[in-house]
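Asks: Letter by letter, the chains look like this.
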Amino acid sequence: MDEKIYGWWLPPDVSVHGAKIDQLMSVLHWFMALLFIGWGIFFVYCLFRFRARPGHAALYTPVKALATKYIEGFVLVVEVFLLFGLSTPVWLAYKNDVPDPSKALHVRLVAEQFAWNFQYPGKDGKFGKTDASQIGGDNPLGLDPEDPAGKDDLVTVNNLHIPVHRPVIVDISSKDVIHSFNVPVLRVKQDTIPGQQIPVWFEATQPGHFELACAQLCGLGHYRMRGDVLIETPEEFAKWEAENAPPPQEAPAAAAPEEKK
Amino acid sequence: MSVKQHTAATGNGHGHGNQDHGHHELPFWRKYIFSVDHKVIGIQYAVTALVFLFFGFSLMMMMRWQLAYPGQPLPLIGNLLGETAMPGGVMAPEFYNQLGAMHGTIMVFMGVVPLAVGGFGNFVVPLQIGAPDMAFPRLNMASYWVFLPGCIAMVASFFLPGGAAQSGWTSYPPLADIAPTGQTMWLFAMVLIITSSLLGSINFIVTIVQMRAKGLSFWRLPFFVHAQLVTAFLLLLAFPPLEAASVMQIMDRVAGTSFFLPTGLVVSGEPLKVAGGGNPLLWQHLFWFLAHPEVYVLILPAMGIVAEVIANNTRKPLWGYRLLVYSVVSLGFMSFVVWAHHMFMTGMGTTMSTFFQITTMIISIPSVVILTCFIMSLYGGNIRFTTPMLFATAFLPMFAIGGLTGLPLGLTASDIYLHDTFYVIGHFHYVVAPGTLFALFAGVYYWYPKATGRQLNEKLGKVHFWLSFVAINFVFMPMFFQGMAGLSRRLYDPTVYAHGRGVQALNVLISWGAWGLGLAQLFFIVNFFLSLKKGARVAENPWNATTLEWAAPSPPGHGNFITEPVVYREPYEYSVPGKSNDYSPQFRAEG
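Protein sequence lines, in the order shown, are assigned to chains H and P. For the first sequence, my numbering gives the first residue as -7, with consecutive numbering after it. For the second sequence, my numbering gives the first residue as 5, with consecutive numbering after it.
One should not assume that every hint holds.
As the list claims (entries may be wrong) - Calculated Cβ distances over 10 Å to all of chain P for the following chain H residues: (1) F28; (2) D92; (3) V99; (4) Q105; (5) D116; (6) K118; (7) K121; (8) D139; (9) N150; (10) P176; (11) Q182; (12) A207; (13) T225; (14) W232.
As the list claims (entries may be wrong) - Result set (DSS-like, lysine-lysine): computed pairs, CA atoms no more than 30 Å apart in a straight line: (15) H:K56 with P:K583; (16) H:K115 with H:K231; (17) H:K121 with P:K277; (18) H:K95 with H:K115; (19) H:K87 with H:K115; (20) P:K463 with P:K538.
Bear in mind the hints are in silico, worked out from the structure with no lab data behind them. These numbers were taken from a predicted model, which means no experiment stands behind them. Heads up, the beta-carbon is just placed ideally off N, CA and C, and yes, glycines get one too.
So that you can see chain H by itself, here it is in the shape it has in the complex (with noise of 0.2 Å):
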């Protein structure tokens, strides 16, 4: 991992829904560096001007500002503008434009304390039935050993591994409390709320090794609840699935972890 990308700054994005929310950013970052710049040499002014001093009085009358309201309509404008021109749009978009679910990939995610558990469908494309009753130590998501959807599922814990250039859904949940999965350089960010499946997506624009963090406070391990973001090349990917899928005539044993939490 580069860890050279990381510095006081936004990292670089790999998405591409990424670069309007980075733009967002740096309007709004832009127009409060103004308001707060121009705001302040006025301030300053006012300390220094209006200091007291010997020979010097207060004004009774109040003085006619008519700037403040062209101001205060300056700044109603722009807030208008960044309501409904950039981040409404750029959510709305993101949140409605889910991708087609046939060109995607689909992936599970249940979080738990303090490690993220990542199901692919398989070959088949349909996620095997899990039942929280078949959680167990090899089984971390609690797959139905009897359902044969199941049978090629891949389960790996704190990895996970997309395409690069494809659509990526991840349908989160947590099995105990809530986390939040937050992938900094893919500008994703979703609460896993246990209950609910909340489906998020994403596509990522080059290859690379990335981290997956926790954003919600889930206990005493929160700080090191973090994971490895892998974006592969379709080759690459397609290799990884292919030596990685659970071997098709292994019948009681779903997909065995790829690591040990």
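The hints should help you fit chain P onto chain H, whose structure is shown.
Replies: Below, chain P without anything else, positioned relative to chain H:
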């Protein structure tokens, strides 16, 4: 309680009013401990809150060691805190989470709110409206004596098996539902503290509506009183949902209910034996329905103090007084419909998120107006840079930073990236620490002479201000960069992440800033006690101010005013043309 009884009190303003009660001298415990006098209760609240503010800050100063130097033994005190909390002097992650949850809880519910509302509200409001006391003095006493046991229970929870609450000050279930016993104690203490606030809020509303002096119409009230009135409504209407939610969480923890627990939870590989069927998001809605108005409970009294101090030290009327009042009222209303902007990442539908995004942008407008009014109040002034004025002046840019950085968090698209990062920590601390707390310090320096009859030392005060001002910006400014780098909050060891290692140098800087800020407070603590005995004695109106509290002796006796005050004019009549004085108090007929 008649004001007339006090006509025999010292009229020279050197105020020993509370010693003039020859006919019914109260025993010590009725006068200073179980007192029904709003001033004593106000001081009790203020002192308790100041103690907890420093305590809560100390917890954070310990956490800052772990953040700056992860895994290294805490010097000096590391070995004193027991092997469970600090094995080998190194902070355990559980203990880190306890300190974090308790820092937030203590600073908000046992520090800032009790100082702003219980302290300043109680002490100043009756004086500013010319009332002899609060409307319900016994209720007022009950409020403090429910509050204090709540605080003691909260702090005592550190000694429970498993330690204090450790699920954040927000206590999100299911984590909080399955946390050790400390969480039950947290909830219990919260119920007490909320009850105390409710008792207080009713009292403030009735007092302000019913007990204003003759001539004191609503448009003649000092801005501070308007701010307290709105605050009281927020407390009254916002706290009950959290009280209900706290009781529900207690039930989940001790009575086997599942208000916040869905079916099928598996914790540490074992199915959780609960009925299920609940929803963890219900808690978040109830919690934030309180906790967003709570933000305005923190900020409105602070704005009130800033208004008083600015008017007094610019020696001119506040610019846009009515606009300020309209803004503060609209802030109060709007604060009830923005809560779910804390929950944009929970997967809510786009209709709901758009609604809350719009309300959040709307609420920023009155804040901008208030800030504009304050800065325009400086224009044309004759500004005295007294210690209270320094703190009030610094409030303006600090609150501006806090407010502006709320924008990217209130907009859903940018919140995707910034939610739950250090950017959030930087944002709300700028609002609450160099914002609200600086305003509260301005209030302490401003009204200390009224409460004690003596002035705080100005030199020590200025040292306190400048050190605090510099240090606090070293603490919170770098957090925006950490947040932009994507660093999550509440991490025991941020260096686990590559993007955390990228900003680790800032953690060292922040920690040293925090310890410096801690040292700076010693100047205040020394000043506070030293001035009780050594401070310069003052008459009733040391700041040449215009509002009613300055008509009473310093300190005011029981019943406050020597003669019943009558109000003749608006609250901030400074530098009226043609007058010999640059201030025309509300209470003087001739001005």
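Asks: Would the non-interface assignment of Q182 of chain H survive a Cβ cutoff of 10 Å against chain P?
Replies: 6 Å, violated
Asks: Minimum Cβ separation between K118 of chain H and chain P greater than 10 Å?
Replies: 21 Å, holds
Asks: Examine each Cβ of chain P, and state whether all of them lie more than 10 Å from the Cβ of T225 of chain H.
Replies: The assertion about T225 of chain H holds, with a minimum of 22 Å to chain P.
Asks: Starting from K115 of chain H, check that the Cα of K231 of chain H is at most 30 Å away, please.
Replies: Answer holds: K115 of chain H to K231 of chain H is near 13 Å, not above 30 Å.
Asks: Evaluate the condition: distance from the CB of K121 of chain H to the nearest CB of chain P exceeds 10 Å.
Replies: 13 Å, holds
Asks: According to the definition I'm using, a residue is off the interface if its beta carbon is farther than 10 Å from all beta carbons of the partner; does Q105 of chain H meet that for chain P?
Replies: Its Cβ does come within 10 Å of chain P, the nearest being 7 Å, so this is violated.
Asks: Quick one, are K56 of chain H and K583 of chain P close enough, alpha carbons at most 30 Å?
Replies: Holds - the C-alpha atoms of K583 of chain P and K56 of chain H are around 23 Å apart, at most 30 Å.
Asks: For D92 of chain H, is the shortest CB-to-CB distance to chain P above 10 Å, so the non-interface label stands?
Replies: 19 Å, holds
Asks: Would N150 of chain H pass as off the interface with chain P, using Cβ distances and a cut of 10 Å?
Replies: 12 Å, holds
Asks: Holds or violated: K87 of chain H and K115 of chain H, Cα atoms, limit 30 Å.
Replies: 28 Å, holds
Asks: Does D139 of chain H sit more than 10 Å from chain P, CB to CB?
Replies: Answer for D139 of chain H: holds, closest chain P Cβ roughly 17 Å.
Asks: For K463 of chain P and K538 of chain P, compute the direct alpha-carbon distance and say whether it is at most 30 Å.
Replies: 14 Å, holds
Consistency with the previously given hints fails for numbers 1, 4, 10, 11 and 12, ordered from lowest to highest.
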